[in-house]
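Protein chains in written order, with our numbering: chain D, 1 to 178; chain U, 179 to 476.
Since the hints were made in silico from the structure, they are not lab data.
Worth double-checking, as some hints may not be accurate.
Stated by the list, open to error - Simulated pairs of lysine-lysine, DSSO-like, Cα-Cα distance not exceeding 27 angstroms:
(1) D:K48 to U:K272
(2) U:K426 to U:K215
(3) U:K272 to U:K285
(4) D:K155 to D:K142
(5) U:K426 to D:K48
(6) D:K95 to D:K111
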Amino acid sequence: MTLFLAASSIGDSVREIADTFGWDPWLFLSQVISFLIVALALRAFAYKPILRVLQQRRDQIAQAQLNAEKIKQQLAEAEQRHSEILAKANAEAQKMIDEARASASVVAERKQQEAIVAAEQIVAKAREASALEHERTMAQLKHELGRLVVDTTAKVTGKVLTSDDQRRLQEEASRQLA
Amino acid sequence: MFRHRLFFKSGALFLSAVLFLPAIATAAEGHEPPPLKPEALFQLGKLGVTNSMLVSWIVAVAVIIFAQLATRHIQTVPSGAQNFWEWLVESLYKFLESIIGNQLVRKTFWFFATLFIFILFTNWAGLIPGVGTVGWGHHDAATGVFHVDRPLLRGGNADLNMTTAMAAIFFVLWFIWALQANGVGGFLKHLFAPKGETSGPLKLLLIIVFFLVGWLEIVSILFRPVSLSFRLFGNEYAGEVMLGAMAKIVPALSWLLPIPFYFMELLVGLVQALVFMLLCAVFTLLIAQHEPGHERQH
Chain D
1 MTLFLAASSI GDSVREIADT FGWDPWLFLS QVISFLIVAL ALRAFAYKPI LRVLQQRRDQ
61 IAQAQLNAEK IKQQLAEAEQ RHSEILAKAN AEAQKMIDEA RASASVVAER KQQEAIVAAE
121 QIVAKAREAS ALEHERTMAQ LKHELGRLVV DTTAKVTGKV LTSDDQRRLQ EEASRQLA
Chain U
179 MFRHRLFFKS GALFLSAVLF LPAIATAAEG HEPPPLKPEA LFQLGKLGVT NSMLVSWIVA
239 VAVIIFAQLA TRHIQTVPSG AQNFWEWLVE SLYKFLESII GNQLVRKTFW FFATLFIFIL
299 FTNWAGLIPG VGTVGWGHHD AATGVFHVDR PLLRGGNADL NMTTAMAAIF FVLWFIWALQ
359 ANGVGGFLKH LFAPKGETSG PLKLLLIIVF FLVGWLEIVS ILFRPVSLSF RLFGNEYAGE
419 VMLGAMAKIV PALSWLLPIP FYFMELLVGL VQALVFMLLC AVFTLLIAQH EPGHERQH
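Put together the whole structure using the sequences plus the hints.
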């Protein structure tokens, strides 16, 4: 009973407050509907498109950052590759230079040896030719000397020398010349 | 703590407005303050269309039209109305996200953002000259001044029907979000179950204490719509009363005295919109968040 009276008293107070402040169930319902219309209309037409655009923009920025990072990484890799290629090319070039140097040295040595051999051959041939020339000259000289000795002897002695005398005198002159 | 301080401040403002400012105005000019209830303009069946409802509808239509214009041709690089709307929506989203978290804001943003935007522009619309001063009235033969008895327009949130409507919608949504986050069992556990790890007689004691505290929590939850709606109504009505009083207290300075209070009311309109939205967001966060270690269960 007390509970019922208390509830009734609270109900009266609530009604009095509602009346004082102009609270009315129909007006309340109307405002509920108004606000829900605004909220749902804004949700559909105002928030979703904007939030979608913001999300797209965030995705684009994230993608751009990702791409930039990827490009940076690719650039670093390219630089690394470039350095490696350059180092490899340098090494190969150095190797080629070394090889060329070595090869040039071998060729120079070979050519030097060939030149020495050729020079020696030329010298030998020259010596041979000189020796032959000397021998020929000596032979002519002997022959001339022998003839001169024979002629001189014939003139000095005033006699005609035989073939044997001439041969003997020539042999004697050649022997003395040698 | 923050909630209690706000409640007391706004309650004090409301009390001062209701009790003292009408007295000032009445003493100064011998006029009654604006009535607590809105005036019915015409009837639509059982539904009476009031002057505050008219302002709410105008604001609602204006906000929807502006939002529609701003988002009609969305550009990747925003400008003009789209820029402003994007700034407003993004700022609100980030602000709410920092308070209630990434998951909850996705679900609840549409409601909290609408609360803020609608309350803010309704509050500011109530400050437009003509609201409360244009309408039907009578000539005072003694002073020769025209007094408005039935204003055509009234601040939308200076109507308890509007503020209770928003609070009631929040209450229903809060309940739905609470059940979605916790389930029925989890919701009851959230209210009545003891927190912390205890054992033995202390555990039994805590079960009894938390069971009793749970009922207090239910009373507190049930009174949230009341406090939310009366706080907003009180502040907005107090603002109207104060501006009216300032306009009448010294007739020769009626063009000057209300101006500082107009700036204050601009600030109050913003703060009240923020407070209403923040309290709703925090209430939702409190029921939807889980204790550490319980997150895996949901």
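Now the hints, each set against the structure:
1. D:K48 to U:K272: Within the cut-off at roughly 15 angstroms; holds.
2. U:K426 to U:K215: holds, 21 angstroms
3. U:K272 to U:K285: Roughly 14 angstroms between the alpha carbons, so the hint for U:K272 and U:K285 holds.
4. D:K155 to D:K142: holds, 19 angstroms
5. U:K426 to D:K48: It is violated: about 47 angstroms lies between the C-alpha atoms, which goes past 27 angstroms.
6. D:K95 to D:K111: Measuring from Cα to Cα gives roughly 23 angstroms; hence the hint holds.
Hint compliance for this structure: hint 5 is the single one not met.
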